[in-house]
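J.: Going down the list, the protein sequences come from chains A and B. Each residue of the first sequence is one higher than the one before, starting from 1 at the first, in our numbering. Each residue of the second sequence is one higher than the one before, starting from 1 at the first, in our numbering.
In case anyone wonders, no lab produced these hints; they're calculated from the structure. Predicted, not measured: the structure shown is a model, and the values here were computed from it. Among the hints, a few may not be true.
Partial chain A-side listing against chain B, Cβ under 7 Å, derived [said to hold, decoys possible]:
{"hint": "1", "residue": "4"}
{"hint": "2", "residue": "6"}
{"hint": "3", "residue": "10"}
{"hint": "4", "residue": "11"}
{"hint": "5", "residue": "36"}
{"hint": "6", "residue": "37"}
{"hint": "7", "residue": "52"}
{"hint": "8", "residue": "53"}
{"hint": "9", "residue": "101"}
{"hint": "10", "residue": "226"}
{"hint": "11", "residue": "230"}
The beta carbon of each residue, even a glycine, is placed where N, CA and C say it ideally should be.
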Amino acid sequence: MSRFDYHRPNSIDDATRLRGQHEDSLFLAGGQTLLPTIKQGLAAPSDLIDLGRLDDLRGINVSAETLTIGAMTRHAEVAASAEARKAIPALAHLAGLIGDPQVRNTGTLGGSLANSDPAADYPAAVIALGATIHTDKRSIAAEDYFLDLFETALEPGELIVKVEFPIPKRAAYAKFPNPASRYAIVGVMVAETKDGIRVGVTGAGPCAFRCTPIEEALAKDFSAEAVKGVAIDHSRFNSDLHASAEYRGALVGVMAGRAVSATG
Amino acid sequence: MNVTLTVNGSHHAVDVPADTLLVDLLRTELGLTGTHVGCDTSQCGSCTVIKDGVSVKSCTVLAAQAEGASITTIEGLGSADDLHPMQAAFRECHALQCGFCTPGMIMAAVDLVRSAKANGAALDERSVREGLEGNFCRCTGYHNIVRAVLSAAAQMEATS
Ligand SMILES: Cc1cc2nc3c(=O)[nH]c(=O)nc-3n(C[C@H](O)[C@H](O)[C@H](O)COP(=O)(O)OP(=O)(O)OC[C@H]3O[C@@H](n4cnc5c(N)ncnc54)[C@H](O)[C@@H]3O)c2cc1C
Ligand code: FES
Ligand code: FES
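Isolated chain A, as found in the complex:
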């Protein structure tokens, strides 16, 4: 007896229809989060709807102003993509830091964003670059997307189709990884965009967020020095056996400084 039924739709329409028909179903992307979660008994979907055959959700496209990545594009594909490395090297670098090679060969951008683990890497880039998340129903701006711990603006059954990243003038990502899991204890992306300096932080809080005090300091003086001593409010930061909230607060500044230095 199987714990769930399995479906392999061939079109986005079929996938969302199946998802609608089965109330307790879930989409399956790379499975790198969902399958371990099911094994641990933390999720018990009645049906899995495998997005693996939806070629419309795959691929990397670059235009003069944006880099668009399909939801089912694997982390390793982004890390190795010549287009991504040329358009937004910081994003390709970030993708190459996720987990380990096997996880990168399997896990997807859409799965990472739908899951919104507080320690996931991509959310920092979505926030810092001001990306737009396109679903089967609408487009969601980065600032409106991450709501809380494992909570996003996605409605039940809403499917991420692709993510559009505006190409920044320059950007860099610095991550302090948990040495065992490789997830970010704190990760910071600093970007100089056409709307000014944007700083996206992951790992520190319940979900990724923009760090205004550091953005303001960098707008005045874009240097690693300028970030030193910027006060970070850590009152809502995560505290666990890996790092206290206060330590994560300190790491935000340190990682931001490293990211600034890495923008060259």
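Following the hints, put chain B with the ligands in place on chain A, whose structure we already have.
T.: Just chain B with the ligands now, with coordinates in the frame of chain A:
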């Protein structure tokens, strides 16, 4: 449900429950017990196989997701009489002790050499250590594994 796939060059059609993991299809249905299960929580990499050209943790892939796929396991890499250069280098460099992690380690290492080549990157000690981040070994301390991978990489480069 029915799953058809190619494993080590042979075509197979099996009927398994929908929640069957790829590793269980390989070990239980096909009797290919060279692929090990160490943690069953996606951490240790001992279940690593090559799926459609890239390394994956077969404890974290459904058999159903491998429909139509081509899988290579340690049994398909080389034989006792004709070891793959990576297997030969692991033996030569004393890169295993209990051997539990070894099949997954070797599959991950083979994929590491492939991806380094595809990306035009030369492997060195650091990139091998980083490239094997998904594979744990509780015996060797990794030192001889890194030596074996570098030695095999040079060998594979020379003969390709
Ligand atoms: C050992 C290990 C280490 C890891 N280290 C890191 C790390 O360092 N950094 C990091 O960021 N991540 C890390 N991860 C997580 C990894 O990046 C996952 O791949 C990712 O979080 C989920 O992507 P997935 O494609 O595997 O999604 P799945 O596991 O298939 O799905 C995750 C969730 O998203 C939903 N979903 C998937 N696709 C869509 C879609 N298109 N639209 C709507 N909902 C969707 C699913 O229903 C499910 O609820 C690690 C994972 C492992 C196992
Ligand atoms: S058994 Fe698959 S990663 Fe450990
Ligand atoms: S040789 Fe024993 S775990 Fe690696």
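J.: Of the numbered hints stated previously, which ones are contradicted by the structure, given in increasing order?
T.: 3, 4, 6, 8, 10, 11
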